[in-house]
Amino acid sequence: MATKSAHHGDNYINFEKGLWSWLTTVDHKRIGLMYMISVMFFFFVGGVMALLLRLELFAPNATANVGQVLKNGDVYNQVLTYHGAIMVFMVIVPGIPAILGNFFLPLHLGAKDVAFPKINLLSWYCFMAGAALAILTFFFNKIDTGWTFYTPYSIRTGTATVLMVLGAFVMGMSSVLTGLNFIVTVHKLRAPGMTMHRMPLFVWALYSTAILQMLATPVLAITLLLLAAEKLFGVGIFDPALGGDPVLFQHFFWFYSHPAVYIMIIPAMGVVSELITTFSRKVIFGYTAIAYSSLGIAAVSFFVWGHHMFVSGQSETAGILFSFITMLVGVPTAIKMFNWVATLYKGSISFDSPMLFALGFLFLFAIGGVTGIMLATLPIDVHFHDTYFVVAHFHYVMVGGTLMALMGGFYYWFPKMFGKMFNENLARLSFVFIFIGFNVTFFPQFILGAMGMPRRYFDYIPAYETLNKVSTVGSWLILTGFLFGLYAIVQGIRKGPKASMNPWNSKTLEWQTSSPPPHDNFAVEPIVTAGPYEYR
Amino acid sequence: MMWFNIAKAQSFMPTQGTEIAKQVDNLYGFLLITSFIACVLVIGGMIYFVWKYRRKTPNDKTAYISHNTFLEFLWSFIPLVIFLAVFVWGWYIYHNMRAMPKNALEINVLGKQWAWEVEYKNGYKTVNEVVVPIGQDVKILLTSSDVIHSFFVPSFRIKQDAVPGRYTALWFRAEKLGDFHIFCTEYCGTSHSGMIGKLKVVSREDFDRYLEQGQEERNLPLAKKGEKLFAVKACASCHSVDSPAVKVGPSLFQKFGHEEEMDNGEKLKFDENYIRESILEPNKHIVKGFPKGVMPTFQGQLNENELSALVEYIKELK
Ligand code: HEM
Ligand SMILES: [Cu+2]
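As given, the protein sequences belong to chains R and Z, one line each in that order. Sequential numbering of the first sequence, starting at 1, is according to the UniProt record's numbering. Sequential numbering of the second sequence, starting at 1, is according to the UniProt record's numbering.
It is possible that part of the hints are untrue.
[Stated by the list, open to error] Output of the computed footprint for chain R on chain Z, the stretches with three or more beta carbons under 8 Å from beta carbons of chain R:
(1) 95-108
(2) 155-169
(3) 239-246
[What the hints assert, rightly or not] Okay, derived cross-link-like pairs now, DSS-like style, lysine-lysine, Cα gap no bigger than 25 Å in a straight line:
(4) Z:K52 - R:K507
(5) Z:K139 - Z:K121
(6) Z:K112 - R:K71
(7) Z:K102 - Z:K125
(8) Z:K139 - Z:K125
(9) R:K346 - Z:K61
(10) R:K346 - R:K507
(11) R:K71 - Z:K284
(12) R:K507 - Z:K56
(13) Z:K284 - Z:K315
(14) Z:K22 - Z:K61
(15) R:K142 - Z:K112
(16) R:K346 - Z:K52
(17) Z:K121 - Z:K224
(18) Z:K121 - Z:K56
(19) Z:K139 - Z:K22
(20) R:K507 - Z:K61
(21) Z:K102 - Z:K139
(22) Z:K269 - Z:K292
(23) Z:K56 - R:K346
(24) Z:K224 - Z:K318
(25) Z:K228 - Z:K112
[As the list claims (entries may be wrong)] Listed below are several chain R residues computed to face chain Z (Cβ distance under 7 Å; list not exhaustive):
(26) F44
(27) P240
(28) G313
(29) I320
(30) M337
(31) F338
(32) A366
(33) M374
(34) T377
(35) L378
(36) D386
(37) Y535
The hints are simulated quantities; they were obtained by calculation from the structure and are not laboratory data. Remember, it's a predicted structure, so these values are computed and weren't measured experimentally. Positions of the beta carbon are idealized from the N, C-alpha and C atoms, including for glycine.
Here chain R stands alone, though its shape is the one from the complex (with noise of 0.2 Å):
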C-alpha cells in the first residue's frame, strides 16, 4: 500500500504534476483519460468530415450552388475515406475499451492497476502513431480507397495508402496490447472473492471483446502487410492484372473486420448492461445469458464474414452458409435485448442522462438489428447492398448504438472520473439534440437505399433530392447536440460541484471508492462476497 506523502495528491489526478508525469504514466485512470483526449479529438475530425459529406449532398450536383461545397468527386472520395477510417479506427474501435476500459477494469475486479502498466501505455503510444501516420497521409498525398482498401482499386490509386496501412497496422498492435493486458488482468487480478460469475457485466463485455481483438487483428495487419507489399513490390496477391485474385482481399478483409463490428458493439453492450441496473436499481435479468452471449457472438462472428460479399462472385452455396450462420447470430443479440428490457420490470427507474442514453441505446440498437436480418437475408441483400440502406444500418449500430453507450457510460462515470458533477439539463438537452438528429439524420436513408441510391455517391439522380435535404438538416441538429455535451462536460470538469463517493447508488466496486480515485484505487483492498447487482 502506498502511503501518501507529502507531494502525492491524494487523488491520482494531482499525484504527480506536470505534462511529463502524465506521458509518462503507468496508471491505467490517467491513460485512460489521455485515450479519451485522443479519442474526442479524432471524433471532432471525423465529424467535421461527416458535415461535409453531408453539405455535399444537399442537393444534387446540377442544382446550381449548393451541392458543391466538395468540389469534386475526388475531394469528396478522399472525405469520405477519412471519415469512415477514422471513425472506425480512431474512434470506435478503440472508444469504450481504451477509455472507459482501461479506467474502470481494474476498478472494476478491485485490482490496483492492469496486469502490465508499462505495456498499457506503449498501446496508447502505438495508438498515437499509428493515428499520426494515418493522418499524415492527409498531407501529401491524400487516399481515396474508402476505409475498406478494396483491391485492385487500392493497388492503382495514389501511393499514400502504404502509408495508410502501416497506420491501420500500428493501431491493429495496440488494439492487441490492449487485448492482451486486458485478458491477463481479468485472470490475475481479480480482488479476492471476486469469482468470474461475480464479474461486472462491463467486464465480462471486455474479456469476450479482448479475445477477439486479439485473434483477429492479426488477420487485418498480415492482410495490409500484404496490400502494401502488392502495391510496392506486385507481388501478384490481390492483382487480377498480375494473376491475383482481388476477391480473395475481401475475403481477407472481412474475416478481420466482421469480428472487428463485434469488437465495436460489445463493450456497447456491457456498457448499457450496467446502465440498465444502475438507473433501475434492480439486478439484471439473465446474468448469465449476457455474460456467455457475448462470449458466444464473438465465437460465432468468425464465421460469418461472407455476408459482406453475396453479390461478390462468391459461389451460391457459400452465400447461402454464411446467410444461415449470420442468421445464427441474431439470436444471442435478441437475448440480450429481451434481457434489458426484462430488468426494467418492476425497478424504480430514473431519467437521468446516462440512463437518457442508454434508453436511446434500446431504441437505436432495436432497429439496427432489424434491419441487420432484413440484410443477412440473401435476395434482400442483393438489393440493398452498398446501398444506403446498408450505410443507415451501420450508422444506428456503431453510431446509436456503440456511440450512445460510450456517451452514456461517460456520463455515468463522469463523477468518479473527475470527482465533479456536470450540469444535468445540458446533458438532457444534448441526448435530446442528438437523438432527434441522429433520427432525422439516418432514418431518411434506409429509404433511399431502398429506392436504390447507391453508397459512396458524390451526386445523385434528382429523384433522391428531399430525403438527402431532410438528412442533411438532421445532421445539423446532430451537431448542436454534440456542442451542447461538449459543454456539459467542459462546465463540469472546470466549475461542476464536488461529486459524492457513488452519487448513483450502485453497487459495483469502483463506487466504493473515492472519487477521484487515489493513485492505486483503493485505500484498503476490497474483498468481494456477492455478486455486482445486488440491489434488494
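For this one, chain R is given, so just place chain Z with the ligands on it according to the hints.
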C-alpha cells in the same frame, strides 16, 4: 401474399420490373412487418416499463428477479424460428436469382472507369445503354477491365459485381416496358456516381429492329455511319452539307482544315477537336454572324464511336 406487397414494400421500393422483384418485395414486406412488430414489442415494452416503474420515491423497493428459464427459452426460440423461416424463404428466392436460365439472350457487359460497355452477340456495341426485349430471359455476362464495379438495376432487384480477371453473371426477365436505371454500386473512384446506364425494355419487334440497325451500322464504313447519324440526329435540319449556303447554322461543306472566325474575333482551326467540341459544347465558341444558344448540346446522346463517325463524315464533305 399480395397484401405484404401492398402493405409497405412498394411504397419505398422502385417499380417492380420483374417477377423476381415481386418475390423479393413479398419477403421484404414480411420482414418489414415482423420487424415493426418486434420493434413495437421491444421499444414499446421499454417505454411502457420506464413509465410505469419510474422512480417515485428515493428509496423505492424493487423486485429481485434474476432470471426466468421459461421466458428466456421462449424468447430465444421464437426469434430462432422466425430467422430460420426467413432464411429458407430467402434461400428459395436467391436460388431463383442465381440459377441461370438456359436459352437466355446473352449480352456481354464490361465495366470500366466510368462506363458500361455493352456488346451483343452480333457484335453490336453501345455504351451505357442495354436494350432488351420484354418477356425474355436475358443473361448479362459481366467483367471489368480495371477495378471492381457492380451492376445494379434497382427496379429488377438484381446486382452483381463485375470483377477484373473473371466473369460473373446475372439474369432477369423484364416484365415492364420502359427505361430503368443501371447504377454502379462498387466504389470505383472519381466518377463512381456518374457511372449510370440505362436499361431499355422494348417490344420484341423493336428489339429485333434495334439489333438489325446496329448490325447494319456496324458494317458501314465510318463516314457512312456518320452520314446516317447526321440525318437521324437531325443535324441536317440546320446545317447544309453540299453547298456553302447558310441555313440556321453555318454550312459544313468543305470546311475541314480551314479557319473559322468567331464572334469575338478569335480564329479557330476547323479540325477534329473543333468539330467534337461544337457537338458537345455548341455554345462555347460561336461562329461570327450566328446567334448564341441555338444549337442544343449532344452531350450524353452520342457515344465515342458515334462522335468519330460524325467527325469522319464532316471531314469528308468535299
Ligand atoms: C454526425 C454523424 C455522422 C454523419 C452525418 C455521417 C455521415 C456519413 C456519410 C454521408 C457517409 C458517406 C456514405 C456514403 O457515401 O456511402 C458516411 C460514411 C461512413 N461513416 Fe459516417 N457519419 C456520422 C458519424 C459516423 C460515426 C460516429 C461513425 C463511426 C463508426 C461513422 C462511420 C462511417 C463509416 C465507416 C462510413 C463508410 C465510409 C466508406 O464508405 O468508406 N460515421 N458517414
Ligand atoms: Cu464502378
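Evaluation of the provided hints:
Chain R is given as covering the region 95-108 of chain Z, and this holds because 3 residues of the stretch bring a CB closer than 8 Å to a CB of that chain, at least three being needed. Interface restraint, the region 155-169 of chain Z with chain R: holds (11 residues with C-beta to C-beta distance below 8 Å; minimum three). Chain R is given as covering the region 239-246 of chain Z, and this is violated because 0 residues of the stretch bring a CB closer than 8 Å to a CB of that chain, at least three being needed. Simply put, Z:K52 and R:K507 have alpha-carbon atoms about 24 Å apart, close enough for the 25 Å limit, and the pair holds.
Restraint check: the Cα-Cα separation between Z:K139 and Z:K121 comes to about 12 Å, which is no more than 25 Å; the hinted pair holds. Among the hinted pairs, Z:K112 with R:K71 is consistent with the structure: their alpha-carbon atoms are about 23 Å apart, no more than 25 Å. Restraint check: the Cα-Cα separation between Z:K102 and Z:K125 comes to about 23 Å, which is no more than 25 Å; the hinted pair holds. For a cut-off of 25 Å, the pair hint linking Z:K139 to Z:K125 stands: about 16 Å separates their Cα positions.
Note on R:K346 and Z:K61: the hinted pairing holds, with a Cα-Cα distance of about 9 Å set against a maximum of 25 Å. For a cut-off of 25 Å, the pair hint linking R:K346 to R:K507 stands: about 18 Å separates their Cα positions. Our distance criterion of 25 Å between C-alpha atoms is met by R:K71 and Z:K284, whose separation comes to about 22 Å. Between R:K507 and Z:K56, the direct Cα distance comes to roughly 20 Å. Compliance with the 25 Å bound is thereby established for this hinted pair.
At roughly 21 Å between alpha-carbon atoms, Z:K284 and Z:K315 fall within 25 Å of each other, so this suggested pair holds. Between the alpha carbons of Z:K22 and Z:K61 the distance comes to roughly 54 Å, so the proposed pair goes past 25 Å and is violated. Distance restraint check for R:K142 and Z:K112: the Cα-Cα separation of roughly 23 Å lies within the 25 Å cut-off, and the hinted pair is therefore satisfied. Taken as a hint, the R:K346 and Z:K52 pair is honoured in the structure, with Cα atoms around 8 Å apart against an allowance of 25 Å.
Under the criterion of a C-alpha separation no larger than 25 Å, the hint pairing Z:K121 with Z:K224 is consistent with the structure, at around 23 Å. A threshold of 25 Å between alpha carbons decides the hint, and for Z:K121 with Z:K56 the separation of about 77 Å lies outside it, so the pair is violated. Between Z:K139 and Z:K22, the direct Cα distance comes to roughly 19 Å. Compliance with the 25 Å bound is thereby established for this hinted pair. Between R:K507 and Z:K61 the CA atoms are separated by roughly 15 Å; this keeps the pair inside 25 Å, and the hint holds.
A distance of roughly 9 Å separates the Cα atoms of Z:K102 and Z:K139; the hinted pair therefore holds under the 25 Å criterion. Distance hint between Z:K269 and Z:K292 is fulfilled; the C-alpha atoms sit about 19 Å from each other, no more than 25 Å. Between Z:K56 and R:K346 the alpha-carbon distance is near 12 Å, which keeps this suggested pair within the 25 Å criterion. At roughly 14 Å between alpha-carbon atoms, Z:K224 and Z:K318 fall within 25 Å of each other, so this suggested pair holds.
As the CA atoms of Z:K228 and Z:K112 are separated by approximately 28 Å, the hinted pair breaks the 25 Å bound. Taking 7 Å as the C-beta contact cut-off toward chain Z, the hint placing R:F44 at the interface is violated, the least distance being around 26 Å. Look at R:P240: its Cβ gets to within about 3 Å of chain Z, closer than 7 Å, so that hint holds up. This hint holds: R:G313 has a C-beta 4 Å from the nearest C-beta of chain Z, less than the 7 Å allowed.
Checking R:I320 against chain Z: minimum C-beta separation of about 6 Å stays under 7 Å; hint holds. Taking 7 Å as the C-beta cut-off, the interface hint given for R:M337 holds, the closest approach to chain Z being about 6 Å. Because the smallest distance between the Cβ of R:F338 and any Cβ of chain Z comes to about 5 Å, under 7 Å, the interface hint for this residue holds. Annotation: R:A366 was flagged as interfacial toward chain Z, and the flag holds, the nearest CB pair being 5 Å apart, inside 7 Å.
Taking 7 Å as the C-beta contact cut-off toward chain Z, the hint placing R:M374 at the interface holds, the least distance being around 5 Å. Because the beta carbon of R:T377 sits about 4 Å from the nearest beta carbon in chain Z, less than 7 Å, this interface hint is met. Checking R:L378 against chain Z: minimum C-beta separation of about 4 Å stays under 7 Å; hint holds. Proximity of R:D386 to chain Z holds as hinted, the smallest CB-CB distance being about 4 Å (cut-off 7 Å).
Because the beta carbon of R:Y535 sits about 6 Å from the nearest beta carbon in chain Z, less than 7 Å, this interface hint is met.
This entry does not satisfy hints 3, 14, 18, 25 and 26, going by the numbered hints stated previously.
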